[in-house]
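Peer 1: Below, each chain spelled out in residue letters.
2 protein chains.
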Amino acid sequence: MSVLALDLGGTKLATALFSKAGNILAKEIVVLGNRQGKEVGALVADQVKKFLAADIQPNDKISSIGICVPGISRQLSGTVWAPNISGWEDYPLLEEIKKISAGIPVLIDSDRACYMLGEKWQGNAQGCENAIFLAVGTGIGAGILVNGAIMRGAQDIAGAIGWMALQAPFEEKYIACGCFEHYASGEGIAKLAREFLEKDIGYSGILKSAPIGEIRAHHIFSAYDQNDSMAVAIFRQCIVYWGMAVANLVSLFNPEKILLGGGVFGPATRFIPDIQKEAAKWAQPISMQMVSLQAAALGPDAGLFGAGYLALQNR
Amino acid sequence: MSVLALDLGGTKLATALFSKAGNILAKEIVVLGNRQGKEVGALVADQVKKFLAADIQPNDKISSIGICVPGISRQLSGTVWAPNISGWEDYPLLEEIKKISAGIPVLIDSDRACYMLGEKWQGNAQGCENAIFLAVGTGIGAGILVNGAIMRGAQDIAGAIGWMALQAPFEEKYIACGCFEHYASGEGIAKLAREFLEKDIGYSGILKSAPIGEIRAHHIFSAYDQNDSMAVAIFRQCIVYWGMAVANLVSLFNPEKILLGGGVFGPATRFIPDIQKEAAKWAQPISMQMVSLQAAALGPDAGLFGAGYLALQNR
Chain A
29 MSVLALDLGG
39 TKLATALFSK
49 AGNILAKEIV
59 VLGNRQGKEV
69 GALVADQVKK
79 FLAADIQPND
89 KISSIGICVP
99 GISRQLSGTV
109 WAPNISGWED
119 YPLLEEIKKI
129 SAGIPVLIDS
139 DRACYMLGEK
149 WQGNAQGCEN
159 AIFLAVGTGI
169 GAGILVNGAI
179 MRGAQDIAGA
189 IGWMALQAPF
199 EEKYIACGCF
209 EHYASGEGIA
219 KLAREFLEKD
229 IGYSGILKSA
239 PIGEIRAHHI
249 FSAYDQNDSM
259 AVAIFRQCIV
269 YWGMAVANLV
279 SLFNPEKILL
289 GGGVFGPATR
299 FIPDIQKEAA
309 KWAQPISMQM
319 VSLQAAALGP
329 DAGLFGAGYL
339 ALQNR
Chain B
29 MSVLALDLGG
39 TKLATALFSK
49 AGNILAKEIV
59 VLGNRQGKEV
69 GALVADQVKK
79 FLAADIQPND
89 KISSIGICVP
99 GISRQLSGTV
109 WAPNISGWED
119 YPLLEEIKKI
129 SAGIPVLIDS
139 DRACYMLGEK
149 WQGNAQGCEN
159 AIFLAVGTGI
169 GAGILVNGAI
179 MRGAQDIAGA
189 IGWMALQAPF
199 EEKYIACGCF
209 EHYASGEGIA
219 KLAREFLEKD
229 IGYSGILKSA
239 PIGEIRAHHI
249 FSAYDQNDSM
259 AVAIFRQCIV
269 YWGMAVANLV
279 SLFNPEKILL
289 GGGVFGPATR
299 FIPDIQKEAA
309 KWAQPISMQM
319 VSLQAAALGP
329 DAGLFGAGYL
339 ALQNR
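Those sequence lines, one after another, are chains A and B. Take any residue in the first sequence, note its place counting from 1, add 28, and you have its number in our numbering. Take any residue in the second sequence, note its place counting from 1, add 28, and you have its number in our numbering.
Don't read these hints as lab results, they were simulated from the structure. Certain hints may be false.
[To be verified] Cut-off 25 Å, straight-line C-alpha distance, at most; resulting in silico cross-link-like pairs (SDA-like, lysine to any residue):
#1 B:K227 to A:A196
#2 B:K305 to A:K305
#3 A:K305 to B:A182
Can you build the whole structure from these sequences, using the hints too?
Peer 2: Structure below.
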């Protein structure tokens, strides 16, 4: 038995054939390029058709298809909202793939849900029934496992932790993406540096070397490596917000594990002991003692593994 | 078919016989008085025995027993932690009640879980699969319904929202009970007033009339009714924290409903429109549009109804 997994990102589509045990039997990555709207849907469909036809495992047919999408998968309608693909406000992906999948079941879920499922299947949340994947990249989201199943909420938008309120009073700058995401996402870190650079006229450190508008999170990580005072101050503030968010997840969910992943963890993995220390100040003390806080294991493949595990649920 | 429900509080034990449809067929309240430890367990057992023997519905035997406890019900061990009953750090309540229940199934759950279940059965959350009961009394807790079932977490302590971090940096005064509970519980409101009174030498309003040490939340509600400036300032701050907490529940859980209950809601029900306005600033905007924020319907009986619904799960 094998399953087909597709991980659609904002810039590329990864497709893999998985064995039931989680081994990758075949894999291909296609860049989206200039594709938009229906063209992206057509690309997903083409990859499914190609892998179904390929007969890579002649005696072992594909029994199910899982798709990870960069946004929200509406379970009732089978449509997808993906903010970074134009024309995907309510895209009928399930219907399109079902047309060409020859009766093989198709499951679609959000990237944050798939990250969590991937880690449960082959990563650092194996054996967990109650765990959370805190995904910190350009934005921030959480994939939340409750009693072994993804928690979706009433409209499939549970886990929107980027909107977490962590600092009163409310400020206008939180409107676009939420308070937590404003301060502590990849984009937030860069914005913070730009703000600091505009204000701090006396600063003459490493971050001055790039034009303010071009500052990205990775610049601040390299400045931190060289002990730059502004980079240190920025991450000190991020650690507080990451710690508070972890604490709030611990107090509310009493999970076995919280995994930190996404593009920022990555390089921010070094801060996990500090984040744990900050979280321990705030969280329900018994839940905090019991939780394990770790980096995610699967890196950029978490979504692909998650799509594979998703497919396994309905083989 | 009828079920037996017991709601053990810090000061009294309520017992009721419910019809399957949720009608109370008989009810009794006993004050705990000076009872401690095993004496409280014996009282619960005595009430169960009495109602089982009473034969109130001769052709309609009691098919199940549900018990609401003021603390944590450990599902694996059947023991209870109840901070306000001395000797109940890990009390073997399930075992004791099973001894005298003549084979009738017994279920025990925390007060916050029972409040939520009671409102789902007979209150303002009927028909909901994803809803939250935010209980604001002396302390603060949340009963959280995910896909129709109470979310318990790995050690049965999910919903400890009193520990929610809402205001950086961390302060020593949050250690005892958590940041949110410090600011916005019944006890928190009173503490805030005492703090304000000690600092504000110029103030000569209504709250001056009681000795500082005796100020309780209800004093501040009556001062608010008379437009007292200090009471207005205190509730303005509470509304911000209640709003942020509601926002965080909305963004994380995407629930159909959030019910505000407990002793403080109650009198704070008048603030729900303001809380909704504050929450709307912070929360994930689509989830916020979809959620309904309401006062709980069952008042002090929510736990008893919850115990009844709990019993119905296992009849």
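Peer 1: Please go over all the hints and tell whether each is borne out by the structure.
Peer 2: Now for the hints, and whether the structure bears them out:
no.	hint	result
1	B:K227 to A:A196	holds, 22 Å
2	B:K305 to A:K305	violated, 34 Å
3	A:K305 to B:A182	holds, 21 Å
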